[in-house]
Amino acid sequence: MPVQPREEMVSVGGVRAHTLIGGSGEPLLVLHGAGGPNGWRRWHAALAERFTVYVPSHPGYGLSDSADWMESPRDLARYYLWYLDVLGLDRATIVGHSMGGWTAAELAVMNPKAVDRLVLVAPAGLKPERGEILDIFYYPLDQLTKLVYHEPAQVQEWDELFGTPPTPEQQDLAIRNREMSARLTWKPYMHNPRLPFFLPRVTNQTLVVWGSEDRIVPVICGEQYARLLPNATLKVFEGCGHSPMLEKLDELVALLRDFLHPSEAARPVEARS
Amino acid sequence: MKLYWFSEMPHHVFDEGEDLKYPAMRLEMPNTYFDRDVAATNYHHYFDEHVLADEVGFDGLMINEHHSTPSCSDVSIMMSAAILARQTKRAKIALMGNILPIQDNPVMVAEQIAMADLISGGRIISGFVRGIGVETWWANANPVHNRERFEECHDLIIKCWTEPGPFRWEGKHYHFRHVNPWCLPLQKPHPPIWVPGTASPDTALWAGRKGYTYVPFLVPIPIACELFEFYRQGAAEAGREVTPDKLGFLLCAVAADSTEKALEAGRFFEWRMGPTTRGPTEYFAPPGMRSRAGQRMALRTRPPNMLTMSYEEKVANDLIVAGEPEYLVERFEHFREELGIGHLLLQGHESKMSHATTMRSIELIGKKVIPALAEA
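Residue numbers (the working numbering), protein chains in the order written: chain A, 1 to 273; chain L, 1 to 376.
In case anyone wonders, no lab produced these hints; they're calculated from the structure. Warning: the hint list may mix true and false statements.
If you anchor each label on the Cβ, the simulated ranges turn out as follows [to be verified]:
hint, chain 1, residue 1, chain 2, residue 2, range
1, A, Glu71, L, His44, 43 to 49 Å
2, A, Tyr189, L, Phe34, 53 to 59 Å
3, A, Pro230, L, Leu20, 37 to 43 Å
4, A, Arg227, L, Glu18, 41 to 47 Å
5, A, Gln154, L, Arg168, 22 to 28 Å
The calculated lysine to any residue pairs, modelled on SDA-like cross-linking and capped at a C-alpha distance of 25 Å, are [as the list claims (entries may be wrong)]:
hint, chain 1, residue 1, chain 2, residue 2
6, A, Lys146, L, Ala24
7, A, Lys187, L, Asn105
8, A, Lys146, L, Asn105
Glycine included, each C-beta is placed from N, C-alpha and C at the ideal position.
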């Protein structure tokens, strides 16, 4: 029986983040991408066997409060540092996907001590040395879905996620999510030109995960992250698009289990020059 | 009721169907189709048409601005305003309008409008628009800030015209440490402000609150009435009276020596009722650009049946008014009665309509329509 989450509204500076919380053990925070939250997924449940997994919807997304004053993932990063304070967590393992990966990187740059291990899954945030990050706002949502996944047949949860047409309420939420993503990432589009200068500060053990067929954020960005972060390893899944945690569910869960040793995760981070 | 001449200055020089090779004509059709020689000639035709409209008695000349599209080669409303300010003598010059949210320097916009007003002898009508999504892509302005930037840009322009400098402006989107424009409009305190609308109830409400003239563009009469209701609601909130002078309407119209010739010319207007607006919703309304209310309204203002309507149906529904001058007088009277408007803006040229046909239409409207409307 997979671990089931409970729901909480976590109030940070008066802005409440709708959060799914499940499992037990060391804290692990999951930050979703620009497409918005998509509930408690199997990979969350798998991680919840060893961790207390927090899956918030960012402000402006899903059932969370709005935060129209935010301007970039740097604001989200500051929000989540405060969020950890509110939850009484000195530090947590952070797993971020896409825009959420960018946010995780910004958060780690701001305060590496608040981060245990860092997992960046196809993170935005860096300008690709070759190619471009796909302009997600230029495409209708149905076309975008086709671009996100390399091979829908390998998404075990496809029917749960896309099997039924969205209700009007879900459509409204999708529009709201998209607006917030535009607010946070419009210009410079999906990257922070100053991030590369700060990434070397983050000496935490870091896993960077990518799909070889990612059509949203080019895989070269993974090489850039792995080069700039002193203790990062890049793992590229062949035959996979922008969402390895859905397209390569079992492989990703196995990879994360290897990387996130709870016993070792508790040891202090060594300072590096 | 005052009559205004308008041409969008299209650059329709490619074969039928070429645009269908791309997701949309705007943004996506490559500018390798742009014909520099034709464009150089067309600009002169377009300005000659405006000059003739001034001579034959139109009350005003409307100009607008778009980018990344063959549907409009007027890429600088201020440059056109400057030309018309010198080349025309009496008609108002209606800028419909400066696209405020994509402006980075509202002070310069205020200065340029003032300069055009001075050169034209106080004939500028200053329209302000939020722009369609295409211009937001073109300028790479964040669409979620569109309304905020529209209002703040407007506020700073008005302050430039109404309050002595130097002053400082520290807003949310605009920051100027030293504002002191040495160029102020001839009209005091500033040129009349007009606001076009196609869908947004928020814009209609805002224009009503401010007391600006509100002009729905190319929408069916029932939608125009609905938008005017929002306008009236805004005006009522601010305790303002709504006179016909505050309401305008834009439609497509062409006059010719025979009904047959006019109906033939009128077909060119179909171009803007489908082909030029074809494309993904995202191009015209990127995320956050429209409020939810605006999105719902937008779905109704461009009814899908406009795309499937036959030409005859468009004429029957007054989306296109094409006929002999007497017919135009009759239809324009109808619009005045139905909508209670004080300004009727005529888009009189479109697509590949010839310069000769356009000039003849202007001449006929000047000779027969304008005097007849003045008598009515």
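Review point. Lying within 41 to 47 Å: is that true of the beta-carbon distance Arg227(A) to Glu18(L)?
Key: The hinted range 41 to 47 Å holds for Arg227(A) and Glu18(L), with Cβ atoms some 45 Å apart.
Practice task
Using the beta carbons of Pro230(A) and Leu20(L), state whether their distance is inside 37 to 43 Å or not.
Solution key: Given about 53 Å between the Cβ atoms, the range is violated.
Please test the hint of 53 to 59 Å on the beta carbon pair from Tyr189(A) and Phe34(L). Between Tyr189(A) and Phe34(L), where Cβ atoms are some 26 Å apart, the hint is violated.
Original post:
Measuring from beta carbon to beta carbon, are Gln154(A) and Arg168(L) in 22 to 28 Å?
Top reply: violated, 59 Å
Taking 25 Å as the top limit, are the C-alpha atoms of Lys146(A) and Asn105(L) close enough? violated, 40 Å
Worksheet item: That 43 to 49 Å hint for Glu71(A) and His44(L) (C-beta), does it hold up?
Response: Given range 43 to 49 Å: holds, Cβ gap about 46 Å.
Regarding the pair Lys146(A) and Ala24(L), is the alpha-carbon distance no greater than 25 Å? This hinted pair holds, its Cα atoms lying about 20 Å apart.
**Prompt:** Under the criterion that the straight-line Cα-Cα distance not exceed 25 Å, is the pair Lys187(A), Asn105(L) satisfied?
**Reply:** Holds - the C-alpha atoms of Asn105(L) and Lys187(A) are around 18 Å apart, at most 25 Å.
The structure fails hints 2, 3, 5 and 8 (numbered hints given earlier, in ascending order).
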